[in-house]
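Novice: Sequences and hints are given; from them, build the entire structure.
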Amino acid sequence: MNVLNRRKMILVNGVLLILLALSIITCAFLGPTHVNLSKALENLFSSNADAEILFRARLPRILLGVAIGGGMAACGVVLQALLGNPLACPQMLGVSGGASLGGILGLIFFPNWLVPLAGGLFGEISWVPLAAFVGALCSMMLIYRFALFHGRIHPYHLLLSGVIFNSFVAAIIMFLNSIIDFYQAQGVLFWLMGSLSTRAYMTVAFIWIYVAVGFFVLWAKGISLNLITLGEEAALQLGVETNRLQRQIFVASSLMIGAMVSVSGMIGFVGLMIPHAMRLITGSDHRLLLPASFLAGGIFLCWADTLARVLLAPAELPVGIITAFFGGPFFLFLLYREGRRKLAL
Amino acid sequence: MKRVHAQIAGWAGFFLVFVALSVTHAATPPQRIVSLAPSVTEMLFALGFGARVVGVTTYCDYPAEAKKLPKIGSFVNPSLEAIAARRPDLVIGVNDANQSVKAREIAQLGLKISLVTLNNVDEIFRAIKSVAGWIGDAEAGEKLVRKITQQFDEVKKRVESAPRRRTLLVVGLRPLVAAGGGSYINELIMAAGGDNIANNAAQPWLNLPDEYVVSRAPQVIIEAGMGSERGQGGINWYDLKSIPAVKERRIYAYPSDKILRPGPRIGEGLEEIARMIHPECFAESKDRPGKGSRCERSQP
Numbered sequence: 013m014n015v016l017n018r019r020k021m022i023l024v025n026g027v028l029l030i031l032l033a034l035s036i037i038t039c040a041f042l043g044p045t046h047v048n049l050s051k052a053l054e055n056l057f058s059s060n061a062d063a064e065i066l067f068r069a070r071l072p073r074i075l076l077g078v079a080i081g082g083g084m085a086a087c088g089v090v091l092q093a094l095l096g097n098p099l100a101c102p103q104m105l106g107v108s109g110g111a112s113l114g115g116i117l118g119l120i121f122f123p124n125w126l127v128p129l130a131g132g133l134f135g136e137i138s139w140v141p142l143a144a145f146v147g148a149l150c151s152m153m154l155i156y157r158f159a160l161f162h163g164r165i166h167p168y169h170l171l172l173s174g175v176i177f178n179s180f181v182a183a184i185i186m187f188l189n190s191i192i193d194f195y196q197a198q199g200v201l202f203w204l205m206g207s208l209s210t211r212a213y214m215t216v217a218f219i220w221i222y223v224a225v226g227f228f229v230l231w232a233k234g235i236s237l238n239l240i241t242l243g244e245e246a247a248l249q250l251g252v253e254t255n256r257l258q259r260q261i262f263v264a265s266s267l268m269i270g271a272m273v274s275v276s277g278m279i280g281f282v283g284l285m286i287p288h289a290m291r292l293i294t295g296s297d298h299r300l301l302l303p304a305s306f307l308a309g310g311i312f313l314c315w316a317d318t319l320a321r322v323l324l325a326p327a328e329l330p331v332g333i334i335t336a337f338f339g340g341p342f343f344l345f346l347l348y349r350e351g352r353r354k355l356a357l
Numbered sequence: 275m276k277r278v279h280a281q282i283a284g285w286a287g288f289f290l291v292f293v294a295l296s297v298t299h300a301a302t303p304p305q306r307i308v309s310l311a312p313s314v315t316e317m318l319f320a321l322g323f324g325a326r327v328v329g330v331t332t333y334c335d336y337p338a339e340a341k342k343l344p345k346i347g348s349f350v351n352p353s354l355e356a357i358a359a360r361r362p363d364l365v366i367g368v369n370d371a372n373q374s375v376k377a378r379e380i381a382q383l384g385l386k387i388s389l390v391t392l393n394n395v396d397e398i399f400r401a402i403k404s405v406a407g408w409i410g411d412a413e414a415g416e417k418l419v420r421k422i423t424q425q426f427d428e429v430k431k432r433v434e435s436a437p438r439r440r441t442l443l444v445v446g447l448r449p450l451v452a453a454g455g456g457s458y459i460n461e462l463i464m465a466a467g468g469d470n471i472a473n474n475a476a477q478p479w480l481n482l483p484d485e486y487v488v489s490r491a492p493q494v495i496i497e498a499g500m501g502s503e504r505g506q507g508g509i510n511w512y513d514l515k516s517i518p519a520v521k522e523r524r525i526y527a528y529p530s531d532k533i534l535r536p537g538p539r540i541g542e543g544l545e546e547i548a549r550m551i552h553p554e555c556f557a558e559s560k561d562r563p564g565k566g567s568r569c570e571r572s573q574p
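Chains as they are written, first to last, in our numbering: chain L, 13 to 357; chain H, 275 to 574.
Where hints are given, some of them may not hold.
With a Cα cut of at most 27 Å, we get these calculated DSSO-like pairs of lysine-lysine [what the hints assert, rightly or not]: (1) LYS342(H) x LYS403(H); (2) LYS341(H) x LYS403(H); (3) LYS403(H) x LYS417(H); (4) LYS421(H) x LYS403(H); (5) LYS51(L) x LYS421(H); (6) LYS515(H) x LYS51(L).
Don't read these hints as lab results, they were simulated from the structure.
Specialist: Structural data, given as structure tokens:
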């Protein structure tokens, strides 16, 4: 058992932080088209194709990818600990289903995706992500109500209600998809596949605020999270207010997931694979595991999205395909390697 | 081995039924036709066989009479029961991955089914002729194809002297879904004097990253989506001012099925997109073709 100390903390997070910075810079110059940096910086404020590719088409999308990769991975870590289940991932909490349903209702009833404010000077209002976020909040309250018994959230009920809620929502989405017209149905399917495509820094900032606040709330609970993986009773005996911890974690991660899914759609496997991969490297201490997973998730999604843009250029692949191609085999490999032992949490 | 035999027997049976039905159909032209696609429905009506259509899909909304006909399910998922209940003597579908499977099931019900292939303009013309032939009026098919060919020729004549304009045709904005090189729509853009910036992709439809659009700098953007982006014309692009289409306000909302459906209205649709790509070629009165006029001089 390796013990957490300040040196390891700084070393791991420092290396990951440097890798993340390098990834952001490298990915900003990778894409189906070549960008000339000096030309982009030369006349930044006139309409300049290189600058637009770099600062409007690529950079916001990379920053969004980092936030969502990191947020998903961090949520995966805490949900796996909270639910005591190595399969737990952000998609499992019904919030993602609620966000999808909200987004699709938005796509159907507010077809105008965005309304620029003052000619785009103040950014834009995007109806569909807004509707998705409202959907996420509603489903969060609903699931909270269903998982709450005698004043406490039961992880078992949380898991079951989340899975059932998502399947139920999937059925509603399929129903809506079969009654709307053909082209709308195509649009819905594309939206469901998930994408990091964005040019709005406002949206990116909104996601970063949710993800960053949520992350620090979760990180502050690192020690309690360590104890809760020993089992609820043990944690209770060791002085963790499990009721409160569970509620706080549920609310914090739900808000993060709701915000993320409402902008990017369902991007699977980041929240499942990164936490397991980082446990192999850093061990299971959540004080280190959480920031390390956040940084690694950011790096991973940053590269996955770059691959999605480049592999079949000029066509763009849904980024969820790339994450699944890496995540699926990795998870099976982990199961195989661990043999009969349970996957560590 | 047994399974292989069974499969061969099955196919042979399928073939025999097919041949038998083809022979019987030769004797009496079909009177009760079910269409499994909006494009096929449009062909049937344009050929003058509208009165014989007894079932259409939920997406068949043109011409208006087609809307009132009994529905047999959607284009993607037609209901076998509903088709059989219409007691058709001919079912016409589209030869794609989905409907070719359905066709086998429909044939197993003892119904006659024929499929048309609609991947490029030539195939659309051939399909119109085949449909007319199946119904026993090949002349109607020839006539309709002549009419559409004429519409094509007229547009080509008007734009032939004009320089090709880089064009992007999208059906969805978030994510950006554009017509690629592998569809008849690419041919329509070419015929309208455009140059599809996504034609180096083999897919009929593809999701394009924004940066690709910026780098290829389209001069005309046509937003042809019917659904989610209704009436948004151009708002999506306001921040990418280096794109000539954005700078020169050549972004058109074109909420029409005419070119999105591989049917008899592609000729009309072609003229409409040609007017967007080369408005200067259509500036003068309609009875004077545009050759040698303003069209030649004006540069993008």
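Novice: Confirm or reject each hint.
Specialist: The hints, checked one at a time:
Between LYS342(H) and LYS403(H) the alpha-carbon distance is near 26 Å, which keeps this suggested pair within the 27 Å criterion. Proposed proximity of LYS341(H) and LYS403(H) is supported: the alpha carbons are some 24 Å apart, at most 27 Å. About 9 Å separates the Cα atoms of LYS403(H) and LYS417(H), which keeps this hinted pair within 27 Å; it holds. At roughly 13 Å between alpha-carbon atoms, LYS421(H) and LYS403(H) fall within 27 Å of each other, so this suggested pair holds.
For the hint pairing LYS51(L) with LYS421(H), the CA-to-CA distance comes to about 51 Å; that exceeds 27 Å, so the pair is violated. A C-alpha spacing of about 16 Å is found between LYS515(H) and LYS51(L), which places the hinted pair at or below 27 Å, so the restraint holds.
When held up to the earlier numbered hints, the structure conflicts with hint 5 and nothing else.
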